[in-house]
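Mind docking chain B on chain A? Use the hints.
These protein sequence lines map, in sequence, to chains A and B.
Under our numbering, the first residue of the first sequence is numbered 1, with each subsequent residue one higher.
Under our numbering, the first residue of the second sequence is numbered 1, with each subsequent residue one higher.
Simulated from the structure, these hints should not be mistaken for lab results.
Keep in mind that the hints are not guaranteed to be accurate.
Straight-line Cα separation of at most 25 angstroms, BS3-like style, residue types lysine-lysine; simulated pairs [what the hints assert, rightly or not]:
#1 Lys164/B <-> Lys218/B
#2 Lys164/B <-> Lys143/A
#3 Lys163/B <-> Lys143/A
#4 Lys183/B <-> Lys143/A
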Amino acid sequence: MNSSIGLHIIRFVTLILLQVAIFNNINFLGYINPYVYIIFIFLFPIRDNRLILLLVSFVLGMALDMFLDSGGVHAGASVVLAYSRPILLKFSFGMLYEHQSVNFNNSEIGSLISYVAIGTLLHHLVLFSLEIFNIGSIWLILKKTLFSSIFTLIVSILIIILFSQNRK
Amino acid sequence: MQQIINFVIRNKTFLLFLLLFGVSFALTIQSHSYHKSQFINSANVLTGGIYGTINSVDQYFSLKTQNEVLAEENKRLREQLLNTLADSSNTSIDSILGDQRYRITTADVYKNSYALTNNYLTLNKGTKDGIRSDFGVINSKGIIGIIDNTSNGYSTVLSILNKKSRINAKLKSTNHFGSLTWKGISPNVMELVDVSKFAPVKVGDTIVSGGQSAIFPKGVEIGLVESFTTDIGGDTYLIDVKLFNDMTNIGKVYIIENTDKEEIESLESKGNE
Chain A
1 MNSSIGLHII RFVTLILLQV AIFNNINFLG YINPYVYIIF IFLFPIRDNR
51 LILLLVSFVL GMALDMFLDS GGVHAGASVV LAYSRPILLK FSFGMLYEHQ
101 SVNFNNSEIG SLISYVAIGT LLHHLVLFSL EIFNIGSIWL ILKKTLFSSI
151 FTLIVSILII ILFSQNRK
Chain B
1 MQQIINFVIR NKTFLLFLLL FGVSFALTIQ SHSYHKSQFI NSANVLTGGI
51 YGTINSVDQY FSLKTQNEVL AEENKRLREQ LLNTLADSSN TSIDSILGDQ
101 RYRITTADVY KNSYALTNNY LTLNKGTKDG IRSDFGVINS KGIIGIIDNT
151 SNGYSTVLSI LNKKSRINAK LKSTNHFGSL TWKGISPNVM ELVDVSKFAP
201 VKVGDTIVSG GQSAIFPKGV EIGLVESFTT DIGGDTYLID VKLFNDMTNI
251 GKVYIIENTD KEEIESLESK GNE
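Just chain A, with the same shape it has in the complex (with noise of 0.2 angstroms):
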């Protein structure tokens, strides 16, 4: 127990480390940034309590908020995609979710993108929304949710298994 929680505070740190130094600088094609650390958000251990996802999540994303002089985007926007994990993991495991025995190191990697890919989309659509606070601009939110999250996705599930312990 007392090394998985090493273990959540080590990838906690890392990825934040990750995000401001790395992939915050990439700006492919002008303005698209992966925001791989909600890896975190995905790979938080589903048995533990969901206030604890919570206000970790919200804690996440204040620090990568004052690292970007952001105001509360990435804080509103992890704290709703924690909130939403249950129905994602639901949608995307069915079954297993309700036995309570995901493992995401070998579970099947269909159920894990589509996982992945619709938790970035609805974190991305959230951040991006509230970076840009404008209605009007409704196309420019859409096209950035849609860039950065393929682009999130990719960086992401590769992240998820080069670095998941015992994969067939």
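Here is chain B on its own, set in the frame of chain A:
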């Protein structure tokens, strides 16, 4: 009472979600409202320190371009110097009394962003170096922004690439003023609005800072007129300005303090009473 407690316990996840999202939403709205400093900003010891470490590595990769920029600026300053020496014969005797109106501090950019709609920079100088909020920030090629928040050793800059930023600017050849704003699309095109219809605008004209705000000195070069249209009312021009500066690649900047600022502002506030 019992029912209220039961309700809270039953819906505790949803209530916590509402609370946390409400806090984030409030902070977001606060960051969108004009000219109010943020509670959460990157001018603190933790973020500043981490950005400093990243920057110390990152600097090595841009040494060559930074050197070229500095050499080019040296060349231009040297030209100016030689030209003033040449016509120094007709300077009036009063120039000896000319005191220093602007104090300049150099700083390193620790963080720069240009892909968001509200961009900020983080610099490695703060209150202990005499930096205060509302000082101007420029580099060798033009205006960067205005100091927003300061801590002991760091400060954040409201970039000109920020929807909240409005900077007084004018045509170089005449005195027609306007406000320089950003539309949030390209990091090297800005828009000059509220320019009088009587101004003789041409594509390729130079835009410089206006010097009305007591933040920037008059005549700092900003960019060239790329295209222009009249606005819907037909009374003013909307001018697209292509920046001289590459806002995506900024290493060293100069922070400008106008030592006469307080005097000017107190004089202007007297006029408003």
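Hints versus structure:
At most 25 angstroms may separate the alpha-carbon atoms for a hinted pair to count; lysine 164/B and lysine 218/B meet this at roughly 22 angstroms. For the hint linking lysine 164/B to lysine 143/A, the alpha-carbon distance of about 22 angstroms falls within 25 angstroms, and the restraint holds. For a cut-off of 25 angstroms, the pair hint linking lysine 163/B to lysine 143/A stands: about 19 angstroms separates their Cα positions. The straight-line distance between the Cα atoms of lysine 183/B and lysine 143/A is roughly 16 angstroms, inside the 25 angstroms bound, and the hint therefore holds.
Violation of the numbered hints given earlier is absent; every hint is satisfied by the structure.
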